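Asks: Got chain E sorted already, so can you dock chain U onto it with the hints?
Residue numbers (full-length UniProt numbering), protein chains in the order written: chain E, 1 to 591; chain U, 1 to 191.
No lab work stands behind these hints, which were simulated from the structure alone. One or more hints might be untrue.
[As the list claims (entries may be wrong)] Subject to a maximum C-alpha distance of 27 Å in a straight line, what follows is the list of computed DSSO-like cross-link-like pairs (lysine-lysine):
{"hint": "1", "chain 1": "E", "residue 1": "Lys319", "chain 2": "E", "residue 2": "Lys192"}
{"hint": "2", "chain 1": "E", "residue 1": "Lys390", "chain 2": "E", "residue 2": "Lys68"}
{"hint": "3", "chain 1": "U", "residue 1": "Lys120", "chain 2": "U", "residue 2": "Lys169"}
{"hint": "4", "chain 1": "U", "residue 1": "Lys64", "chain 2": "E", "residue 2": "Lys185"}
{"hint": "5", "chain 1": "U", "residue 1": "Lys160", "chain 2": "U", "residue 2": "Lys110"}
{"hint": "6", "chain 1": "E", "residue 1": "Lys303", "chain 2": "U", "residue 2": "Lys21"}
{"hint": "7", "chain 1": "E", "residue 1": "Lys209", "chain 2": "E", "residue 2": "Lys303"}
{"hint": "8", "chain 1": "U", "residue 1": "Lys21", "chain 2": "E", "residue 2": "Lys319"}
{"hint": "9", "chain 1": "E", "residue 1": "Lys303", "chain 2": "E", "residue 2": "Lys192"}
Just so you know, these numbers come straight off a predicted model, no measurement behind them.
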Amino acid sequence: MTREMTGANMVIQALQDQGVDTVFGYPGGAVLPIYDEIIQQDAVEHILVRHEQGAGHAAEGYARATGKPGVVLVTSGPGATNMVTALTDAMMDSIPLVCITGQVPTHLIGNDAFQECDTVGITRPCTKHNWLVRDVDDLARILHEAFYVATSGRPGPVVVDIPKDVQFATGTYHGPSANPAAAHKSYRPQVKGDAQSIRAAAELMAHAKKPVFYTGGGVVNSGPHAAQLLRELVDLTGFPITSTLMGLGAYPASGANWLGMLGMHGTFEANMTMHDCDVMVCIGARFDDRITGRVDAFAPDAKIIHIDIDPSSINKTVKAHLPIIGDVGHVLEDLVRIWRSSSLKADPAAMKAWWEQIDAWRARNSLAYKPNEDIIMPQYAIQRLYELTKDRNTYISTEVGQHQMWAAQFYGFEAPNRWLTSGGLGTMGYGLPACIGAQVAHRDALCIDIAGDASILMNIQEMSTAVQYGLPVKVFVLNNQYMGMVRQWQQLLHGNRLSHSYTDSLPDFVKLAEAYGGVGFRVDKPGDLDGAIEEMIAVDKPVLFDCRVANLANCFPMIPSGKAHNEMLLPDEANDEAVANAIGAAGKALV
Amino acid sequence: MNAQANPTALSAYFLAEVSDKIETHTLSVLVDNEPGVLARVIGLFSGRGYNIDSLTVSETEHEKHLSRITIVTTGTPMVIEQIRNQLDRLVPVHRVTDLTVQARMANQEKPLERELALVKVAGSGDKRLEALRLGDAFRATVIDATTDHFVFEITGRTSKIEQFISIMKPLGLVEVSRTGVAAVQRGAEGL
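Isolated chain E (complex conformation) (with noise of 0.2 Å):
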């Protein structure tokens, strides 16, 4: 069905074709014609934000606790520029995204134009896709191929910048394609794996001693589908199972073969595990620098599986014997009829030895801390929260940083989508948009942003949003007034010169709270720390939550730049002499 409209009308139309209740923008000259649409209607709900930034996070947000794709839209210029941080933050960590950029009007374009920048131009290495609508009767195919693009695949963000002309212009609109796989020209992302590789991968996996399920990302963006076929393949299989942060609660944080996050502050069993694997299954991860540390010393032993819908991703660090290239659920669906149609089974005797060396490791207890009766925690505090909140409805956001490690570390997550968090470009100001975007889509939830003193002033003004729109979203800040994690590099590093890493004249969160409408707490006594959580959640408001943490504490365990996964640093030996001489010259140069 085709119909005659403005380019502005067909913004909403194609919104509502595509299934979208909820815009995180911002107004502005370019996008006003849009903006006049917005207002007249109410099938789309547009959210407004207090920095352009904000809109673009709050729709990352949005995305990872619905699995739907977050939209955006904000004006040119400084508006598109905002958006960039949130952009290739969703590109790294492969969050589906459509942001709908205001341009100048064509015939001004390339003029240096009030508030004009090069939108497709900056925009282009940090989205999967971006498009310059020139003409409006190309409007409605773009933005439908945008949704498309974005959700589709490895998904990604994509911009679509409209000038203003276009905004204005009459053309013809049609709806989506039925079948937009076929209706594109170029773009093939590969869903189904090789069958004859998944029937390999299942022997090699039969066949294993030692191994280990490595599971990231690309598991919770599959779908809740494919987290469910995880659970049912660990438990046939009887593997232990770890995952990255991006991957947390596709696998149950309480379930028996839960080895804990790993990579750079995973667990001790979890890097152990991963180090001395004869078969690695790494599924919907990119072996990231945080996972793998040290390269020529990671899993020295391991044939590598790796399942990835992103070809790219194969090969590019770890040289994988077992390439996989699909989509992690259809995969999985084949593996998992392969191992039970072939009556697969792992070898008992090797993986009762394998699960006793891991115990072993286990006990170590890598994450222990010690305990303070004066003193806040910070790991406490994550317990405490974590213990109190674990049987509602949660989604748990964070900022990034020593409290972000914590998180992950401390707080259990059963399922997926529950977890967002800044993995790949390690966004600080990322958690409080995020936490609105949840709970945007989730009303009666309770989400809170897990946050650090530094990072929650980075997009501290989307309390503001929080208010406006009655979403009683808690920011729980583990204050220690320091950027933790930078203290931490140049304790590691730079001779414990600490510098510009402590945050002098903080602001005071509680009346910052209430400056915005919400409402604050100040604790800084382990024992009046449960009290203060239970009154934070029967709060109906955005809440700031000062939580006054031991200043000093460092995050462990830690693989330290430029080491392997058998070379960690534990909390019990990280005495000062061995944080200052962790790195060697060669790790220094790392990040």
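Replies: This is chain U only, laid out in the frame that chain E set:
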């Protein structure tokens, strides 16, 4: 470094056999001829630190608006594989073919590769005669001349063009314009 040749499972230091031999490959990339497509390809190379030795692009199928980009690049086999996959990931890219790998599989040394150069040489006397004589020997065509200069048009493999240019240097080389490499696979089959 205290690396061990025969790593045990518990050893931290392990040196994998890394094949880091640098190879030169010629890639053929079929793309939609839409605005910005070349910027996407070039941006990918600069952003990820890959090399471009030569790049040639032109619309080759007008009715389908398809352009063919020929890229000569260098890197380890792992990097070349990455380049191919990263190019393939770009939305307007239809197909990426590594012509060098295809040639190898067909037991050929290289795919067919040709380059065209316009070479301007100025001078008089013996040098001028020598330039003309060598132009002839290289089967270069004179496409412009005055009593002071020649412009040669020369076609051939990159190595031949390089050789011609270096020979012309002492004979009054003024400037050179090169097309970069165009390449196809030998035999009856297309991409």
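Asks: Now tell me if each hint is right for this structure.
Replies: To see whether the hints hold, each was checked on the structure:
Distance restraint check for Lys319/E and Lys192/E: the Cα-Cα separation of roughly 22 Å lies within the 27 Å cut-off, and the hinted pair is therefore satisfied. Straight-line distance between C-alpha atoms of Lys390/E and Lys68/E comes to about 25 Å, which keeps the hinted pair within the 27 Å bound. Restraint check for Lys120/U and Lys169/U: satisfied, since their Cα atoms lie roughly 10 Å apart, inside the 27 Å limit. Between the alpha carbons of Lys64/U and Lys185/E the distance comes to roughly 10 Å, so the proposed pair stays at or under 27 Å and holds.
A C-alpha spacing of about 15 Å is found between Lys160/U and Lys110/U, which places the hinted pair at or below 27 Å, so the restraint holds. Only pairs whose Cα atoms come within 27 Å are accepted, and Lys303/E paired with Lys21/U is accepted, the gap being roughly 23 Å. Distance hint between Lys209/E and Lys303/E is fulfilled; the C-alpha atoms sit about 11 Å from each other, no more than 27 Å. A hinted pair counts as satisfied when its Cα atoms are at most 27 Å apart, and Lys21/U with Lys319/E qualifies at roughly 16 Å.
In summary, the hint linking Lys303/E to Lys192/E is supported, as the alpha carbons are separated by about 22 Å, within the 27 Å threshold.
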